[in-house]
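Peer 1: Chains as they are written, first to last, in my numbering: chain A, 1 to 267; chain H, 268 to 534; chain R, 535 to 801; chain L, 802 to 1068.
The set of hints was computed from the structure by calculation and includes no laboratory data. What you are looking at is a predicted structure, and each value in this text was computed from that prediction instead of being measured. A portion of the hints provided could be inaccurate.
As the list claims (entries may be wrong) - Restraint-style ranges between C-beta atoms, simulated for each label pair:
no.: 1; chain 1: L; residue 1: Gly985; chain 2: R; residue 2: Gly718; range: 17 to 27 Å
no.: 2; chain 1: L; residue 1: Lys1023; chain 2: A; residue 2: Phe59; range: 41 to 51 Å
no.: 3; chain 1: A; residue 1: Ile258; chain 2: R; residue 2: Lys614; range: 31 to 41 Å
no.: 4; chain 1: L; residue 1: Lys1023; chain 2: R; residue 2: Leu654; range: 50 to 60 Å
Stated by the list, open to error - Mimicking BS3-like on lysine-lysine, the simulated pairs with C-alpha atoms at most 25 Å apart in a straight line are:
no.: 5; chain 1: L; residue 1: Lys1068; chain 2: H; residue 2: Lys534
no.: 6; chain 1: H; residue 1: Lys347; chain 2: H; residue 2: Lys450
no.: 7; chain 1: H; residue 1: Lys534; chain 2: A; residue 2: Lys183
no.: 8; chain 1: H; residue 1: Lys347; chain 2: A; residue 2: Lys222
no.: 9; chain 1: R; residue 1: Lys756; chain 2: A; residue 2: Lys222
no.: 10; chain 1: R; residue 1: Lys680; chain 2: H; residue 2: Lys529
no.: 11; chain 1: L; residue 1: Lys881; chain 2: R; residue 2: Lys756
Ideal placement from N, C-alpha and C gives every residue a C-beta, glycine not left out.
4 protein chains.
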Amino acid sequence: MRAVSDFLYQRGATIYAAAQHRDPLIDQFFMRIEFEEVEIELPHLDRLHQDFAEVGSQFQMDWQFFDLQVPTKMLLAVSKHGHCLNDLLHRWDSGALPVEIVGVVSNHDAMRSLTEWYGLPYYHLPVTPASKQQQQQILDIIAEKKVDLFALARYMQILSARMCSELVGRAINIHHSFLPGFKGADPYRQAYNRGVKIIGATAHYVTAELDDGPIIEQAVEKIDHNIDIDALVQIGRDAECAAFARAVKWHCEHRIIINGNKTIVFK
Amino acid sequence: MRAVSDFLYQRGATIYAAAQHRDPLIDQFFMRIEFEEVEIELPHLDRLHQDFAEVGSQFQMDWQFFDLQVPTKMLLAVSKHGHCLNDLLHRWDSGALPVEIVGVVSNHDAMRSLTEWYGLPYYHLPVTPASKQQQQQILDIIAEKKVDLFALARYMQILSARMCSELVGRAINIHHSFLPGFKGADPYRQAYNRGVKIIGATAHYVTAELDDGPIIEQAVEKIDHNIDIDALVQIGRDAECAAFARAVKWHCEHRIIINGNKTIVFK
Amino acid sequence: MRAVSDFLYQRGATIYAAAQHRDPLIDQFFMRIEFEEVEIELPHLDRLHQDFAEVGSQFQMDWQFFDLQVPTKMLLAVSKHGHCLNDLLHRWDSGALPVEIVGVVSNHDAMRSLTEWYGLPYYHLPVTPASKQQQQQILDIIAEKKVDLFALARYMQILSARMCSELVGRAINIHHSFLPGFKGADPYRQAYNRGVKIIGATAHYVTAELDDGPIIEQAVEKIDHNIDIDALVQIGRDAECAAFARAVKWHCEHRIIINGNKTIVFK
Amino acid sequence: MRAVSDFLYQRGATIYAAAQHRDPLIDQFFMRIEFEEVEIELPHLDRLHQDFAEVGSQFQMDWQFFDLQVPTKMLLAVSKHGHCLNDLLHRWDSGALPVEIVGVVSNHDAMRSLTEWYGLPYYHLPVTPASKQQQQQILDIIAEKKVDLFALARYMQILSARMCSELVGRAINIHHSFLPGFKGADPYRQAYNRGVKIIGATAHYVTAELDDGPIIEQAVEKIDHNIDIDALVQIGRDAECAAFARAVKWHCEHRIIINGNKTIVFK
């Protein structure tokens, strides 16, 4: 911490926010600092990386600099249920998300009109028996558009292990249950059949193991015996939208550090 | 519903609250009515049972009458952690629970002083290799004291299948996780290791299958990376107290109907 | 209750849900029953009204029948902030709201494109010094389209006393604070300046007294010192959408009975 | 920040947790660091104060050091309702609060037995027409016992302006409403009469202006039309216990900085 604050001090940076966390299990220190440098010549980030390299390596840090003026490039994925997509697009459109959305991919054509109303490109990539190709097409878009975040807004296809590994730390999924309860298919029906009194949704980084990546955010809603399966699905969608929007926002504000199978979120 | 309201009307009963629920899966109707009869001779319940029998059998109802003036007889069980016990005893003492507590059983002696301060008998029944006997001792107390509700306020012993079956619908447990996530032992450590962002507690009727009985109530608390395992346990206890107290209260107010593996709670 | 269940029984109606409530302060009984009549000739409602009139007047009931197959006709109002509008339109479009939206009125043109994308008419009625006329135009639309519910989705104009009285029980507003805290203008700034730790939103029926009508639903979100005024506004909007959507849904499902300055919501 | 981390670095301190916040309205920086010094001679705090004085004055800081090994000395106050007192005493007894409780003062004798069961002194100081004297007696205890925190656990007496000013930043009250709604007397009845759908409680530092001090924490509970005034009071008490316990804990862990009429809580 001292080396970092020394570094910033010597450059005349103004610190706007800072937060630290120490994980006692692994005796490691995590840190996030928001600062402004007014006098440095452009381009900021290259210079910063160059200058900090020595400090960073001296203290064996993993470190990154982000320019908060540069919005995160996000590619969205959706299948047939558009509530999370609609929610994110509206937040972005009303200035609430620091992102540049490069487009929406889908295995269905259902969300084309909504997407195009927002002036965004829609990539309809149907899943055929040869679905490997489809995932490659998505990876191509990600590469070509220099996508920072692949956000799965109820995209109901399982990503291949290869795709998961290419996108480690860069893909966020919303699972429609309060993980680790009700992994896998049709979690709302599982929840209804179990008779739980609270349902939830979980936003997590995608990993090769299904519904098991580092959790970023969870949201819950109370239900009772009056709530039938259809109503339960409707209520659950509110939890999905809430958890997903917060997770995406925090990621794009560079507030999240992945720590093994957990996340540190400096809100 | 009409048969019941006719029955009550003819007796001149005043209805104070009523609620119905139809489970579409099994096409069955559930109903709870709170009413007052002012002119009937004592003893109420016997007469009501007698008089209603015909109506009930005609419509193939499962039915029960309870006198809300008569508090539910509750036996508490606890091991070493006294937070739920302390919470319930204080609620009872301040008039917030319509129960008569007949005593506290424990496999430890730790909560004797607290229990006796409240003027209640404490049964220290250590668990020995011959634990079958210990469970029989509990069943004996339940029989002798005519206990309506056996409330397990963090009682960390697994009840035998026989005990579970004797107490079906009459024993409420508080499990310190948001079921069905983290069944079994040390759920807080499981939650900590999984990196969840919300923890919870579940009050449920005891069944032979561990942590799998009909859920009555669940409570949750948000956590984040700053919360270490000790802090997590502390926070979780608040969820335990909340869910357990509500479940016990609703049971004692005769608001709960068990419907297979679910509960209907007419709040 | 008995008269009503007798009435329904004699018609061979099947009851799907029923709930009652007695307000002890005024010793009055409130009741909602969902039922199905299969054999009756059309038109249902006229016959029901006719047939029930005698029962209703005998017991001095206030009563209404609604056909759940007939969606509630809703007119929306919005100013410049589209989050509640966008949220409701998506819910309606995805089949989650039992309404027929007859259009959107606004004192600005900002939400025209969104509205028209959903295939709905947009009425841009600017507020001029002669605003009485504007409100009359809205009332004309309400009359012409036979609007059942006028839903103010962040419509930032105060309705005249006359308009309020014409729309009593038919207009729902979303106020962006946790009433009765922070009535009036700019409640988020009020909340920020006061340093509260939870913010909220309140959906209520419109009455002539500003922000003082019967409350239908409230929603809250936790905040802390890190949340600046812009972030607070963003977070607050989630509470607004949640409370407003639930209130509108319950109204359209005929679950709400206004009881003086309060509401009874049979969820 | 750099001066502080330099200072700690030079002493070989290990930082366990750190958090910063900048208030943009007043352009001021707030900071909390938890650290451990292993080699320094005792007494720690005096040396630290002495050594840091120069750094602190150079940068015009307001600063304080606390030894987390030394529990906060707390005096509790209560009137007739013991739920918050009972809750805090149990937390303290089970090791969940880093405090040394020096006793309980009350204008009633009702909580003597509970207090004494915990082995704590009980000061029954009735409020007479000459109540100035009573408040002086409390201040005398506070002075004599070197009390760090005066925690008003539903103490239903208004403190004099002089007492408030003597205890600025050292007295926490729990108000049984969601401030700023329902200030003053009988907030639950106010809430019931207004027909709100959520009730709450507010823990705040005491200031001369009633129920208007810096808010530390708020808690809420959902209610509905079924909840009569007695049930509402019971439910509200859970919110009181929750908000109060968290506020007291954070204060005793030195996580709170008062910033004008607001608080910064470094959780």
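Peer 1: Compare the structure with each hint and give your call.
Peer 2: To see whether the hints hold, each was checked on the structure:
no. : hint                             : in the structure
1   : L:Gly985 - R:Gly718: 17 to 27 Å  : holds (20 Å)
2   : L:Lys1023 - A:Phe59: 41 to 51 Å  : holds (49 Å)
3   : A:Ile258 - R:Lys614: 31 to 41 Å  : holds (39 Å)
4   : L:Lys1023 - R:Leu654: 50 to 60 Å : violated (33 Å)
5   : L:Lys1068 - H:Lys534             : violated (35 Å)
6   : H:Lys347 - H:Lys450              : holds (20 Å)
7   : H:Lys534 - A:Lys183              : violated (30 Å)
8   : H:Lys347 - A:Lys222              : violated (31 Å)
9   : R:Lys756 - A:Lys222              : holds (17 Å)
10  : R:Lys680 - H:Lys529              : violated (43 Å)
11  : L:Lys881 - R:Lys756              : violated (31 Å)
Hints 4, 5, 7, 8, 10, 11 from the list above are not met by this structure, while the remaining hints are.
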